[in-house]
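Chains as they are written, first to last, in this note's numbering: chain R, 9 to 87; chain C, 9 to 87; chain X, 32 to 760; chain G, 29 to 258.
Don't take each hint at face value.
Said to hold, decoys possible - Listed below are the simulated EDC-like cross-link pairs for lysine to aspartate or glutamate, each with C-alpha atoms no more than 20 Å apart in a straight line: (1) X/Lys218 - X/Asp111; (2) R/Lys10 - C/Glu83; (3) C/Lys72 - R/Glu43; (4) R/Lys10 - R/Glu51; (5) C/Lys18 - C/Glu43; (6) R/Lys10 - C/Glu68; (7) C/Lys48 - R/Glu43; (8) C/Lys18 - X/Glu129; (9) X/Lys218 - X/Glu283; (10) X/Lys362 - X/Glu283; (11) R/Lys18 - C/Glu51; (12) C/Lys18 - C/Glu80; (13) C/Lys10 - R/Glu83; (14) G/Lys56 - G/Asp71; (15) R/Lys27 - X/Asp174; (16) R/Lys27 - C/Glu68; (17) X/Lys218 - X/Glu736; (18) C/Lys18 - R/Glu67; (19) R/Lys72 - C/Glu43; (20) X/Lys239 - C/Glu43; (21) G/Lys30 - G/Asp71; (22) R/Lys27 - C/Asp53; (23) R/Lys27 - G/Asp172; (24) G/Lys56 - G/Asp237; (25) C/Lys18 - R/Glu51; (26) C/Lys72 - C/Asp53; (27) C/Lys18 - C/Glu67; (28) R/Lys18 - G/Asp172; (29) X/Lys218 - X/Glu471; (30) R/Lys10 - R/Glu67; (31) R/Lys18 - R/Asp58.
Source of the hints: derived by calculation from the structure; they are not laboratory data.
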Amino acid sequence: MKAVVTVMLKPGVLDPQGKAIGQALQHLGFDNVGEVRAGKRIELDLTETDPARARAQAEEMARKLLANTVIERFEIAVE
Amino acid sequence: MKAVVTVMLKPGVLDPQGKAIGQALQHLGFDNVGEVRAGKRIELDLTETDPARARAQAEEMARKLLANTVIERFEIAVE
Amino acid sequence: MSTVDAALARSFGLNDEEYARVLAIQGRTPTLTELGIFSVMWSEHCSYKSSRIWLKELPTEAPWVIHGPGENAGVVDIGDGLAAVFKMESHNHPSFIEPYQGAATGVGGILRDVFTMGARPVANLNALRFGDPQHPRTRAVVDGVVRGIGGYGNCVGVPTVGGEVNFHPAFNGNPLVNAMTVGIAPKDRIFLSAAAGVGNPVVYVGSKTGRDGIHGATMASAEFGQDSEEKRPTVQVGDPFTEKLLIEACLELMATDAIVAIQDMGAAGLTSSSVEMAGKGGVGIALDLDAVPQREAGMTAYEMMLSESQERMLIVLRPEREAVARAIFAKWELDFSVIGRLTDTGRIVVRHQGRVEADIALAPLAEQAPLYRRPTAPTPAPPPLGAVADPAGLGAALRRLLACPDLCSRAWIYDQYDATVGGQTVKRPGAADAAVVRIEGHARALALTTDCTPRYCAADAEAGGAQAVAEAWRNLTAVGARPLAITDNLNFGNPEKPAVMGQFAAAIRGMAAACRALDFPVVSGNVSLYNETEGRAILPTPAIGGLGVLDDAAQAVGIALRPGLDLVLLGATAGHLGQSLWLREIAGHEAGPPPPVDLAAERRTGDFVRARILAGAVAACHDVADGGLLVAVAEMALTGDVGARLRAGPDEVPPVAFWFGEDQGRYVLAVADAPALLAAAAAAGVPARLLGTSGGAGLTLPGGETISVTELRQAHARFLPAWMAAGET
Amino acid sequence: MKAGIIIFPGINRERDMAIALERSLGRKPRMIWHREEDLGGLDLIVIPGGFSYGDYLRCGAMAAHSPVMAAVRAHAARGGYVLGVCNGFQILTEAGMLPGALLRNASLRFLAMDCHLRVERADTVFTHRYQRGQVFRAPLAHGDGNYFADAATLDRLEGEGLVALRYATPQGESTAAANPNGSARNIAGILSPDLRILGLMPHPEDLVDPLLGGEDGRPLFDGLAEARVA
Ligand SMILES: Nc1ncnc2c1ncn2[C@@H]1O[C@H](COP(=O)(O)OP(=O)(O)O)[C@@H](O)[C@H]1O
Ligand SMILES: [Mg+2]
Numbered sequence: 009m010k011a012v013v014t015v016m017l018k019p020g021v022l023d024p025q026g027k028a029i030g031q032a033l034q035h036l037g038f039d040n041v042g043e044v045r046a047g048k049r050i051e052l053d054l055t056e057t058d059p060a061r062a063r064a065q066a067e068e069m070a071r072k073l074l075a076n077t078v079i080e081r082f083e084i085a086v087e
Numbered sequence: 009m010k011a012v013v014t015v016m017l018k019p020g021v022l023d024p025q026g027k028a029i030g031q032a033l034q035h036l037g038f039d040n041v042g043e044v045r046a047g048k049r050i051e052l053d054l055t056e057t058d059p060a061r062a063r064a065q066a067e068e069m070a071r072k073l074l075a076n077t078v079i080e081r082f083e084i085a086v087e
Numbered sequence: 032m033s034t035v036d037a038a039l040a041r042s043f044g045l046n047d048e049e050y051a052r053v054l055a056i057q058g059r060t061p062t063l064t065e066l067g068i069f070s071v072m073w074s075e076h077c078s079y080k081s082s083r084i085w086l087k088e089l090p091t092e093a094p095w096v097i098h099g100p101g102e103n104a105g106v107v108d109i110g111d112g113l114a115a116v117f118k119m120e121s122h123n124h125p126s127f128i129e130p131y132q133g134a135a136t137g138v139g140g141i142l143r144d145v146f147t148m149g150a151r152p153v154a155n156l157n158a159l160r161f162g163d164p165q166h167p168r169t170r171a172v173v174d175g176v177v178r179g180i181g182g183y184g185n186c187v188g189v190p191t192v193g194g195e196v197n198f199h200p201a202f203n204g205n206p207l208v209n210a211m212t213v214g215i216a217p218k219d220r221i222f223l224s225a226a227a228g229v230g231n232p233v234v235y236v237g238s239k240t241g242r243d244g245i246h247g248a249t250m251a252s253a254e255f256g257q258d259s260e261e262k263r264p265t266v267q268v269g270d271p272f273t274e275k276l277l278i279e280a281c282l283e284l285m286a287t288d289a290i291v292a293i294q295d296m297g298a299a300g301l302t303s304s305s306v307e308m309a310g311k312g313g314v315g316i317a318l319d320l321d322a323v324p325q326r327e328a329g330m331t332a333y334e335m336m337l338s339e340s341q342e343r344m345l346i347v348l349r350p351e352r353e354a355v356a357r358a359i360f361a362k363w364e365l366d367f368s369v370i371g372r373l374t375d376t377g378r379i380v381v382r383h384q385g386r387v388e389a390d391i392a393l394a395p396l397a398e399q400a401p402l403y404r405r406p407t408a409p410t411p412a413p414p415p416l417g418a419v420a421d422p423a424g425l426g427a428a429l430r431r432l433l434a435c436p437d438l439c440s441r442a443w444i445y446d447q448y449d450a451t452v453g454g455q456t457v458k459r460p461g462a463a464d465a466a467v468v469r470i471e472g473h474a475r476a477l478a479l480t481t482d483c484t485p486r487y488c489a490a491d492a493e494a495g496g497a498q499a500v501a502e503a504w505r506n507l508t509a510v511g512a513r514p515l516a517i518t519d520n521l522n523f524g525n526p527e528k529p530a531v532m533g534q535f536a537a538a539i540r541g542m543a544a545a546c547r548a549l550d551f552p553v554v555s556g557n558v559s560l561y562n563e564t565e566g567r568a569i570l571p572t573p574a575i576g577g578l579g580v581l582d583d584a585a586q587a588v589g590i591a592l593r594p595g596l597d598l599v600l601l602g603a604t605a606g607h608l609g610q611s612l613w614l615r616e617i618a619g620h621e622a623g624p625p626p627p628v629d630l631a632a633e634r635r636t637g638d639f640v641r642a643r644i645l646a647g648a649v650a651a652c653h654d655v656a657d658g659g660l661l662v663a664v665a666e667m668a669l670t671g672d673v674g675a676r677l678r679a680g681p682d683e684v685p686p687v688a689f690w691f692g693e694d695q696g697r698y699v700l701a702v703a704d705a706p707a708l709l710a711a712a713a714a715a716g717v718p719a720r721l722l723g724t725s726g727g728a729g730l731t732l733p734g735g736e737t738i739s740v741t742e743l744r745q746a747h748a749r750f751l752p753a754w755m756a757a758g759e760t
Numbered sequence: 029m030k031a032g033i034i035i036f037p038g039i040n041r042e043r044d045m046a047i048a049l050e051r052s053l054g055r056k057p058r059m060i061w062h063r064e065e066d067l068g069g070l071d072l073i074v075i076p077g078g079f080s081y082g083d084y085l086r087c088g089a090m091a092a093h094s095p096v097m098a099a100v101r102a103h104a105a106r107g108g109y110v111l112g113v114c115n116g117f118q119i120l121t122e123a124g125m126l127p128g129a130l131l132r133n134a135s136l137r138f139l140a141m142d143c144h145l146r147v148e149r150a151d152t153v154f155t156h157r158y159q160r161g162q163v164f165r166a167p168l169a170h171g172d173g174n175y176f177a178d179a180a181t182l183d184r185l186e187g188e189g190l191v192a193l194r195y196a197t198p199q200g201e202s203t204a205a206a207n208p209n210g211s212a213r214n215i216a217g218i219l220s221p222d223l224r225i226l227g228l229m230p231h232p233e234d235l236v237d238p239l240l241g242g243e244d245g246r247p248l249f250d251g252l253a254e255a256r257v258a
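Same shape as in the complex, but just chain R:
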């Protein structure tokens, strides 16, 4: 199975990268852009075939390593 872990900064944590992208887009003339947030997407190939178990494993990986919960939150999707 494939699990996708999306990691974004928590609300309240300053996101300089998102801000810089927003400014650069404005500069390029995209003036209908509001807030921009930048995060990470990690795709995992798992040998697990059961979706629930795959999700649980990905969640454990995210909690242990892929996200730093002091500053980040994560979401899991299993495909």
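Model the placement of chains C, X and G with the ligands on the given structure of chain R, informed by the hints.
Leaving out everything else, chains C, X and G with the ligands in the frame of chain R:
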């Protein structure tokens, strides 16, 4: 509307980040992890209300700035 | 499978005559893999077919040279039983396509050339030429290249200590990224690439092989079906973390007696490394590609042989040491695989999935490689520069010159490079004419610089070639170092154009003369041709990387002025304004001949300056280069954060020519005892002139105008951050 | 005092640190490969700078989960000293041994330059050779040195006096202009509640030799040399 741009390395392009994450997961004892790919997720708040137009705008932004199309490909989702 | 014929060969870059030679050597139609091997080995990049004839004219020997050109890097004896190993290499084209990765992998490649010889890399430098700042693409190229160099060098933990940057419209479509690495090894522990010992295992270590950077010609061949998108030759992505592990693992292995020969996989990866190792050793080599660590499924022999995946090395081991070597690479978590053996056949035989994919005799592959004496045409000498009016006066011109892209502060760039990692950097970027890096555990230090003035070379390639070598020698001398040797990176346009080949030959002539006069041989280098876009060539740029040594790092001097000193100019000033930055930036034209280089005077003045520095009589020293004398003094004032009061120049030289002329072979020294210096200079036959005295918070020009150091700093610091910020936000 | 330096794959300032420690402590530190688990007999454990595991996921994240970190925790629990510099600081926060996190520099660029640090507390084993309020210079070299913690954590750090070092002007003012990377409240280094763990971004170990530009970093190591071992 919100547009989400997902940027991943093109197939065949070395992904040192994904490789290192995969190895780290193995070290943590997650031995059912195969390939790992790392990419970016960029969330854009757009003032546009028409989904098709929002998508077109996000696509232009991705092509012009958000993705480096020499080595990366991108996908757009509009919510 | 596409048909191998002359047309396919052409698309691989082999002309019909070269292909005919392939047929004769093979005695049959080559396989696709064989054609690939011939085409890369006979490419300009690997065979130096247009440049080899001329490179022979460069002097390469001196008593302190241990290995000159021909090895992965040059090796010189620096005393204390140590050797310095160094080389410079270009990554111009990749850096234009993908600035970050192009520059990053350029740094990675040159590092491997150095540690493959057993040296721990201790310093990186980079010589960069960018297009016009007004050109729409320049900013992104600068941003990506600087980030890429920093991203790789900072991560591997090798300090980036110096370099140079120019801007010129001739580089709009073709920037130059020349990276230099310097390493240190015990002089009796240098590792070479000549393979030996029939039966010895050939080992692949490092990263896995992917389809990175495979010959673009593949795309044109009909071989790939619908999935050609998937197999498209890809940009190489650098992995500095793996490189760092590779450095440590190789150095650990080199401390044992396991290695017979070792070679990095650079351009043309497995092909050039295996062919060169076996060829140099006069043995044969048999490779089994099934054993090659692969990143992607379904790779063909052709792809594996031509892949330019980064962070890989090829090693011939003593068979009884295989286990020792394997354990070291396991510790560093790097791939390690025996992919072949040395044979006594004198051939390279490549097997894949039970089939022989290539079988080529090595001797003719090397000996019958094409070699061209391409036609040359001289570039007409520029007419002498007539009288030029001074539209600005000294003060205004100084302010504008210090602020211009070619002279402004480079801090925005080098502040992104870790210059101190290693804990040995005595003179960081901006502090001295050459970077000074002490050798761990020794008093001894290396002095390092890169130099070239492309606009001089464009006006007169011979004078420009000599000037580049002389300036490198001068920059080393200005810190008190004994110049030992150079590496070069010859960046030119299309060699098939006689005018370009004429520039190339002339630049070599000039370089050779300077190397000889200054006892400053070439020990390594790189040639980068075809630097053109839309038929327009870059400015000829023979970049020089110079290396010198100081017996005691404590003797190094920098350019920072201190108060209460006399400023003395050494070397003759005729007031040469041709091709000067003043002429371009203030008078508004690029014209005239470049300043001539008087090699005998260069040597006399430099040897004198070095002796004074080593005698402890010099507080600061700066060579006079781009922008001329007043710019040199202003740079000393800026670095030391102290002003100076200057006296008028000689009556026979007009003030702008005296203060902004770019006459060569000159230094400004700050000393406590000017009379002693002037007397010694007179005795040595070195022209010397008292310029003024340091002190105060401003620079007082001969006419009486005072510009505060603060104002000079604002002018000097502004351009790069402001220009880059304008693109960011 | 017996010191050891932990080497994770990708660490690159271990030699700088060893030089600085040897200069002050008079003996070579033990170099500890990350697979070792016995840190017995050491008084001070240093995690130096570099790019452990390439810092490819988050700086310090992968090293923080390495087995040797359990031994570092045990060492700290026993009352041993721990110094984390740059990547070492990032590893300590990722491991939860110090609070907060280090985000990308506000400029989004790697920065390598000298900064000035104001000593906020001079009664710790790391800083007692400086005076409170003293300013010293140190090189920094990082892409992710922007110290972040939520307001409550910051208030607690301040309230308990656990901010060790702040970015400041040479005159000692902690202004925005003196803050190179956007760190919250100009924080450059923090302490654990028992004052035995110090994490900081800049590199005092690269300024312990007049020939290399000064000895501003030396008091930190001299101070450690004098420390009484628990
Ligand atoms: N690309 C670069 N990388 C690192 N340092 C650089 C680079 N370009 C310039 N520098 C440093 O900036 C300082 C000033 O550069 P430059 O004006 O070109 O020196 P010079 O006049 O001696 O040739 C030198 O210390 C040089 O090494
Ligand atoms: Mg110079």
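Hint by hint, here is what the structure shows:
{"no.": "1", "hint": "X/Lys218 - X/Asp111", "result": "holds (9 Å)"}
{"no.": "2", "hint": "R/Lys10 - C/Glu83", "result": "holds (17 Å)"}
{"no.": "3", "hint": "C/Lys72 - R/Glu43", "result": "holds (18 Å)"}
{"no.": "4", "hint": "R/Lys10 - R/Glu51", "result": "holds (7 Å)"}
{"no.": "5", "hint": "C/Lys18 - C/Glu43", "result": "holds (14 Å)"}
{"no.": "6", "hint": "R/Lys10 - C/Glu68", "result": "violated (29 Å)"}
{"no.": "7", "hint": "C/Lys48 - R/Glu43", "result": "holds (17 Å)"}
{"no.": "8", "hint": "C/Lys18 - X/Glu129", "result": "holds (14 Å)"}
{"no.": "9", "hint": "X/Lys218 - X/Glu283", "result": "holds (17 Å)"}
{"no.": "10", "hint": "X/Lys362 - X/Glu283", "result": "holds (11 Å)"}
{"no.": "11", "hint": "R/Lys18 - C/Glu51", "result": "holds (13 Å)"}
{"no.": "12", "hint": "C/Lys18 - C/Glu80", "result": "holds (5 Å)"}
{"no.": "13", "hint": "C/Lys10 - R/Glu83", "result": "holds (17 Å)"}
{"no.": "14", "hint": "G/Lys56 - G/Asp71", "result": "holds (13 Å)"}
{"no.": "15", "hint": "R/Lys27 - X/Asp174", "result": "holds (18 Å)"}
{"no.": "16", "hint": "R/Lys27 - C/Glu68", "result": "holds (19 Å)"}
{"no.": "17", "hint": "X/Lys218 - X/Glu736", "result": "violated (55 Å)"}
{"no.": "18", "hint": "C/Lys18 - R/Glu67", "result": "violated (26 Å)"}
{"no.": "19", "hint": "R/Lys72 - C/Glu43", "result": "holds (18 Å)"}
{"no.": "20", "hint": "X/Lys239 - C/Glu43", "result": "holds (14 Å)"}
{"no.": "21", "hint": "G/Lys30 - G/Asp71", "result": "holds (5 Å)"}
{"no.": "22", "hint": "R/Lys27 - C/Asp53", "result": "holds (12 Å)"}
{"no.": "23", "hint": "R/Lys27 - G/Asp172", "result": "holds (16 Å)"}
{"no.": "24", "hint": "G/Lys56 - G/Asp237", "result": "holds (17 Å)"}
{"no.": "25", "hint": "C/Lys18 - R/Glu51", "result": "holds (14 Å)"}
{"no.": "26", "hint": "C/Lys72 - C/Asp53", "result": "holds (17 Å)"}
{"no.": "27", "hint": "C/Lys18 - C/Glu67", "result": "holds (17 Å)"}
{"no.": "28", "hint": "R/Lys18 - G/Asp172", "result": "holds (17 Å)"}
{"no.": "29", "hint": "X/Lys218 - X/Glu471", "result": "holds (15 Å)"}
{"no.": "30", "hint": "R/Lys10 - R/Glu67", "result": "holds (13 Å)"}
{"no.": "31", "hint": "R/Lys18 - R/Asp58", "result": "violated (30 Å)"}
Hint violations for this structure: numbers 6, 17, 18, 31, all remaining hints satisfied.
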